[in-house]
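Engineer: Chains as they are written, first to last, in this note's numbering: chain A, 1 to 406; chain B, 1 to 406.
Just so you know, the hints here were simulated from the structure itself, not pulled from any lab data.
Because the structure is a prediction, the values reported are computed rather than measured.
Accuracy of the hints is not assured; some may be wrong.
Just so you know, same-sequence chains aren't split out, so a pair can sit in one copy or run between any two.
[Said to hold, decoys possible] Lysine to any residue pairs mimicking SDA-like chemistry, simulated, CA-CA at most 25 Å apart: (1) Lys63 with Glu390; (2) Lys50 with Ile288; (3) Lys203 with Pro391; (4) Lys2 with Lys289; (5) Lys392 with Leu67; (6) Lys98 with Cys323.
2 protein chains.
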Amino acid sequence: MKKNILVGQSGGPTAAINASLYGVVTEGMNHLDEIEHVYGMVNGIEGFLKDTYLDLSEDLTQKELDLIKLTPAAYLGSCRYKLPKDLTSPLYPTLFRKLDALEIGYFFYIGGNDSMDTVSKLSRYAAQVGSPIRFIGIPKTIDNDLMLTDHTPGYGSAAKYVASTVREIALDASVYQQQAVTIIELMGRGAGWLSAASVLARKYEGDNPLLIYLPEAPFDFQSFSRDLTDALRQRPDVIVCVSEGISDVSGRLICEYNDEARLDSFGHKMLTGCGKVLENFVHNHFGIKARSVELNVSQRCSGMILSETDILEAALAGAFGVCAALEGTTGKMVTFHRTPDTPYAIECSLADVNQVCNREKPFPKDWITCHGSNISPDFHSYVLPLIQGEPKRAMSQGLPVYAYRK
Amino acid sequence: MKKNILVGQSGGPTAAINASLYGVVTEGMNHLDEIEHVYGMVNGIEGFLKDTYLDLSEDLTQKELDLIKLTPAAYLGSCRYKLPKDLTSPLYPTLFRKLDALEIGYFFYIGGNDSMDTVSKLSRYAAQVGSPIRFIGIPKTIDNDLMLTDHTPGYGSAAKYVASTVREIALDASVYQQQAVTIIELMGRGAGWLSAASVLARKYEGDNPLLIYLPEAPFDFQSFSRDLTDALRQRPDVIVCVSEGISDVSGRLICEYNDEARLDSFGHKMLTGCGKVLENFVHNHFGIKARSVELNVSQRCSGMILSETDILEAALAGAFGVCAALEGTTGKMVTFHRTPDTPYAIECSLADVNQVCNREKPFPKDWITCHGSNISPDFHSYVLPLIQGEPKRAMSQGLPVYAYRK
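Pulled out of the complex, with its shape left as it was, chain A reads as follows:
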């Protein structure tokens, strides 16, 4: 008997999450002997609990699917919704009644470690109650911090955007002669993978960014002063890249160094990032021009400089997940393994989702050099294959065309 697919997107947007959706839908429709419909939850599991879903296999033309593949953010909408830890919660039978009513046989959730927690809980509940529904996680995060996979879909495009943008900001900073420090604050939460990609911005040895600080090494203002003094001896325009999540040796986030002081004129607390804290520190301790730039959400939602490798791998992860589920797999996340071959190639595999959820893969400490202010060439070799190629995007009247739900 034919069954249906249900697919959802969860957590923060990326430039490749829709390519994984594309992979699930197109592979699902390649198996019309086993699959009747491919449904998409609108706003993840939270939306599905409110019965909001679409029939993707009916509603989308091939042209629309192709457009979705290269559209950033999350076509189906997303959520940040944690299922109850207690599997005896009445929410589970409610949810499974909804799945059964739609004759769902295969459930795919595209997301990061919080989303893998959802896959873990649902697959464990299914095992308890003897439900035949198979639950598969499709990895997605610009943070690249999922365990048991070489890298995650979404990371390559974000790394490419970061490297390109930092290269451009370095050009911008180089036009004046005066000493000036530019702090670029990058995403990644507690993991330094994305900030480390700023090292690719260097056009030659000794080029900016001269200093790069990741959350995996404790940040110390005295060391930073020394590093910056040395850097300013090399060139007047110094670019410093920092992860949003850098903290001091006690674990206190650098972005919290201003908390007590930042009140607006209405008397309310203001939130700023660590880039602003460092900008102020440089301005006041070095007495030179300092500015900070937060790349902000564009790191995760820009479609301007996608990595074709990333998009293809994201689609592959979705398709591989569908094949694995059809072959009987459940409670697993799709993973990537780099083959030892040259040129670069990956193989897909599967990992126990319980080993992935709620954990973070830190940036390797031995790839952090110069007392925490630089990145090893080993990382360069790791990341370079992930940013290769540019897919051809649809443009109309001078602007990118993106898919959206009507």
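Take the given structure of chain A and dock chain B to it, following the hints.
Structural biologist: Frame of chain A; chain B shown alone:
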């Protein structure tokens, strides 16, 4: 007798300023019967006063010139240097001795209204002392605020970047169901041209950005509250685009609303923009999620989504300036005039640089609608031709290749 060209870049970087440099150099080399060398001042007039210049006609290959054309920022470096108002200052004879020593016959300065002030002073001094050197201004600014020209090189690419990026941020904001307001702060100093381009981000009627505020209309917190309340009735994810230079009816900049309060933990004053002020206002007065995004320098230095029209016109402005100087013109800035024809076309002309310098062309008040919160379709027709086409950029190992001075 053959003479030499001296060309410089001044003021803030843009994505098209190097295309104008390309135009000056290539057109200069088209007139080898009249031109011997094309020299480039390094760091504008300030650098030239310190004898730093290059021989662009000797040092650059055609391949390097082609790369420079699509490289953002300012290949020659820039300065923010104001010549003395008093034309009897000893600096003028010093400078002209340097020009004569290099046998300069034609001087081109690529920049905004401050740079046109330099052209004005030098051409007036030349007239006083009977120097035959001809001084021409090549317009450049992302702010689009130069008088007597339909638009300025650099604006089209910046407008395209803003429209594309706002479109992507709007997609990012649309993935969650919760009410949330995103404030996007855009450049343009006192002029709203660049922020107005955010209107192009809308994919359909009623799409974001729902609210757009320009410096040309006074900003009022009460009106903003009403506008935002209405907008939140339309959709939960509201994008508000604001110019960095918005001010209240008394002329007080909105970004200054926090000045008194922003001290960091070292007791020093912190500077933030109006986006952060509005973020805080929304958060505290509406009690909903608010975030602010500053597009920052990428608006002026990104090469990711150049407007081919802008690049071609920037090069044309440089070339036209060279031809005009060779024909005897001095003390003028190159201008663009839109022909009445369809499709869009421009003609180059010349304006008295004294009528351009130190003045700003504001965004037309009758293109600001909805009590200062929206933009008229007339602007849409004005700006759309300026963002058309994408030049093919050089890429290497997954990243854009940009020219730089060795």
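Engineer: Of the hints given before, which are not true for this structure?
Structural biologist: 4
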